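S.K.: One-letter residues, chain by chain:
Protein chains: 2
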Amino acid sequence: MATGRTHRPATRSRGIPEATVARLPLYLRALTALSERSVPTVSSEELATAAGVNSAKLRKDFSYLGSYGTRGVGYDVEYLVYQISRELGLTQDWPVVIVGVGNLGAALANYGGFASRGFRVAALLDQDPALTGRTVAGMPVSHTDDLERIVTENGVSIGVITIPAGGAQQVCDRLVAAGVTSILNFAPTVLSVPEGVDVRKVDLSIELQILAFHEQRKAGEDATAPAAPAELPAGPHTTPRKGPDGDVPAVMPA
Amino acid sequence: MATGRTHRPATRSRGIPEATVARLPLYLRALTALSERSVPTVSSEELATAAGVNSAKLRKDFSYLGSYGTRGVGYDVEYLVYQISRELGLTQDWPVVIVGVGNLGAALANYGGFASRGFRVAALLDQDPALTGRTVAGMPVSHTDDLERIVTENGVSIGVITIPAGGAQQVCDRLVAAGVTSILNFAPTVLSVPEGVDVRKVDLSIELQILAFHEQRKAGEDATAPAAPAELPAGPHTTPRKGPDGDVPAVMPA
DNA sequence: TAGATTGTTAATCGATTAACAATC
DNA sequence: TAGATTGTTAATCGATTAACAATC
Chain A
1 MATGRTHRPA TRSRGIPEAT VARLPLYLRA LTALSERSVP TVSSEELATA AGVNSAKLRK
61 DFSYLGSYGT RGVGYDVEYL VYQISRELGL TQDWPVVIVG VGNLGAALAN YGGFASRGFR
121 VAALLDQDPA LTGRTVAGMP VSHTDDLERI VTENGVSIGV ITIPAGGAQQ VCDRLVAAGV
181 TSILNFAPTV LSVPEGVDVR KVDLSIELQI LAFHEQRKAG EDATAPAAPA ELPAGPHTTP
241 RKGPDGDVPA VMPA
Chain B
1 MATGRTHRPA TRSRGIPEAT VARLPLYLRA LTALSERSVP TVSSEELATA AGVNSAKLRK
61 DFSYLGSYGT RGVGYDVEYL VYQISRELGL TQDWPVVIVG VGNLGAALAN YGGFASRGFR
121 VAALLDQDPA LTGRTVAGMP VSHTDDLERI VTENGVSIGV ITIPAGGAQQ VCDRLVAAGV
181 TSILNFAPTV LSVPEGVDVR KVDLSIELQI LAFHEQRKAG EDATAPAAPA ELPAGPHTTP
241 RKGPDGDVPA VMPA
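As given, the protein sequences belong to chains A and B, one line each in that order. Each residue of the first sequence is one higher than the last, beginning at 1 in our numbering. Each residue of the second sequence is one higher than the last, beginning at 1 in our numbering.
FYI, nobody ran anything at the bench for these hints, they're computed from the structure. Given the structure is predicted, the values throughout are model-derived calculations rather than measurements. Here a beta-carbon is modelled for each residue, glycine too, at the ideal position from N, C-alpha and C. Do not rely on the hints blindly, as some may be mistaken.
[As the list claims (entries may be wrong)] Listed below are the simulated DMTMM-like cross-link pairs for lysine to aspartate or glutamate, each with C-alpha atoms no more than 20 Å apart in a straight line:
#1 A:LYS57 <-> A:ASP93
#2 B:LYS60 <-> B:GLU46
#3 B:LYS218 <-> A:GLU46
#4 B:LYS218 <-> A:GLU18
#5 B:LYS218 <-> B:ASP203
#6 B:LYS60 <-> B:ASP93
#7 A:LYS218 <-> B:ASP145
#8 A:LYS218 <-> B:GLU195
#9 A:LYS57 <-> A:GLU45
#10 B:LYS60 <-> B:GLU36
#11 A:LYS60 <-> A:GLU45
#12 A:LYS60 <-> A:GLU46
#13 A:LYS218 <-> B:GLU45
#14 B:LYS57 <-> B:GLU18
#15 A:LYS57 <-> A:GLU46
#16 B:LYS218 <-> A:ASP128
#17 A:LYS60 <-> A:GLU18
#18 B:LYS57 <-> B:ASP76
[Unchecked claim] Listed next, the stretches of chain A that the computed footprint assigns to chain B, with coverage defined by at least 3 CB atoms under 8 Å from CB atoms of chain B:
#19 15 to 28
#20 79 to 90
#21 96 to 109
#22 127 to 134
#23 212 to 218
Just need the whole structure built from these sequences, with the hints factored in.
M.R.: Written as structure tokens, this is what we have:
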């Protein structure tokens, strides 16, 4: 999810909607699995099931890329793998730097899913002298001091931030100043970037909070519901109440 | 992002849109920071800036929760912290289990942002005998064999899957069978769950691929563009071409 | 009262979905 | 030809946004 402020709103490439772009990697993954099993063709129904979407959406998505299917037959797996890869820009090599080699940075460095999709970890950076010089995932850890040099020398355009929130904005600024134009941010903070720089964020805590919301709702359907009767007998309600459910908060406003 | 198949479509709690729910944690984070600085009130404009959204959206979001602001003044920070926390279900304790104690699982176990928001790591599970018995983030690692017992005894309703894709579905099935109804999935695979179980996924590779798409587009605005003239002189185009741009693929369909 | 800021309205935009004509 | 499946249409739904009346 890109931050609202930094993400360009409607300048879609060849008119491919953002929601479609976000699903192309899902299709690509499912297609790659089919390709490895040497499956020659696949229908929109089968592929949609494998990708976890419905087939109407899939066909609509593919229609933005072109007419790559054959009526009555389906889609050629290899051909579609190539087309989606090309559309996503995965037919070229993307050097990335990972800033912050804690557990999360190490997890990313070790993740095999990157290399296979054209992403090459150009460098691991950390400011901890105890880490620099050491090897993580078969790569030496460089000092953050060398960020600008490494970004420039390797033509890095994608940076991954896996440090605590406190230092994230400063690292972000340095990455951008050095030429990085896409940032994947794992720090739980809002990053401010100039126009033209894309930021996507992955926020572990936020995901859990959204789950908690739905979890609470599930529980409430059985347990909490009786506290708020479905239908209240009509009567004078002269006391305006804060909030939709009259729940009295522990902390009242001034 | 929940998988399309498993996420209930429109059964919204008290009518709070899904997009709003996803932003509540952002507001909460910004408000917590203000609270720590003992700021008593905040305007929609200030808070929106801190959360990285625009103020119209924020006010609309808050309108779903109730009328918690004061015209001409703004919002009471403490009061709003409480209301959003309550709405998200963070005023209660949520025991979670983390299955898979590799770098990613360890990163999550060490993440301080959980405990402060009502999430309590009830157990760390791994199938590797070399890990079980050891301590990670001050907690003992239990063996995956004990999954059912631990989930039941601790009343766990939220499970986090941080193992490779291969074993994810099986672990998911066991979690669900044991009573878990919300799953945060880091494994790069589509999980199949019964109705009533929520799945959200965090996919590191997909985020990078989306960035690559936009990155490619930025580069294309300068470099690739000349290959496709903005306006083509009208003429006979008797040869129908595959794809919107006539790019000849390396792999042709059957 | 004058200034500030919320809460809501209404218009717009983007995404989803079912249905089916086109066509292999 | 008959059956299967795509690509597209059109309706619907949900999200965003600007503007401003309400009101502190």
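S.K.: Are 3 or more residues of the region 212 to 218 of chain A near chain B, judged by a Cβ distance of less than 8 Å?
M.R.: Result for this restraint: holds, n = 7.
S.K.: Given the hinted pair LYS60 (chain A) and GLU46 (chain A), is their alpha-carbon gap at most 20 Å?
M.R.: OK: LYS60 (chain A) and GLU46 (chain A) at ~15 Å, within 20 Å.
S.K.: Mind checking, does the region 127 to 134 of chain A have 3 or more residues with a CB under 8 Å from chain B?
M.R.: violated (count 0)
S.K.: Hey, LYS57 (chain A) versus GLU45 (chain A), does the alpha-carbon distance stay inside 20 Å?
M.R.: Distance of about 10 Å is within 20 Å: holds.
S.K.: Take a quick look at whether LYS60 (chain A) and GLU18 (chain A) sit within 20 Å of each other, Cα to Cα.
M.R.: Answer holds: LYS60 (chain A) to GLU18 (chain A) is near 13 Å, not above 20 Å.
S.K.: Hint check: LYS218 (chain A) vs GLU195 (chain B), CA-CA at most 20 Å. Holds or violated?
M.R.: 12 Å, holds
S.K.: Keeping to a limit of 20 Å between CA atoms, is the pair of LYS218 (chain B) and ASP203 (chain B) held or broken?
M.R.: 23 Å, violated
S.K.: Is it true that the CA of LYS60 (chain B) sits at most 20 Å from the CA of GLU46 (chain B)?
M.R.: 15 Å, holds
S.K.: Would you mind confirming whether the straight-line C-alpha gap from LYS57 (chain A) to ASP93 (chain A) stays at or under 20 Å?
M.R.: Given that 20 Å is the threshold and the Cα spacing comes to 30 Å, the pair is violated.
S.K.: Are at least 3 residues of the region 15 to 28 of chain A within less than 8 Å of chain B when you compare beta carbons?
M.R.: Our answer is that it holds, as 6 residues pass the Cβ test (under 8 Å) against chain B, meeting three.
S.K.: Mind taking a look at whether chain B covers the region 79 to 90 of chain A? Criterion is 3 or more residues with CB to CB distance under 8 Å.
M.R.: holds (count 9)
S.K.: According to a criterion of three or more residues whose C-beta lies within less than 8 Å of a C-beta of chain B, is the region 96 to 109 of chain A covered?
M.R.: holds (count 7)
Checked against the numbered hints given earlier, this structure breaks hints 1, 3, 5, 6, 7, 10, 13, 16, 22; the rest are met.
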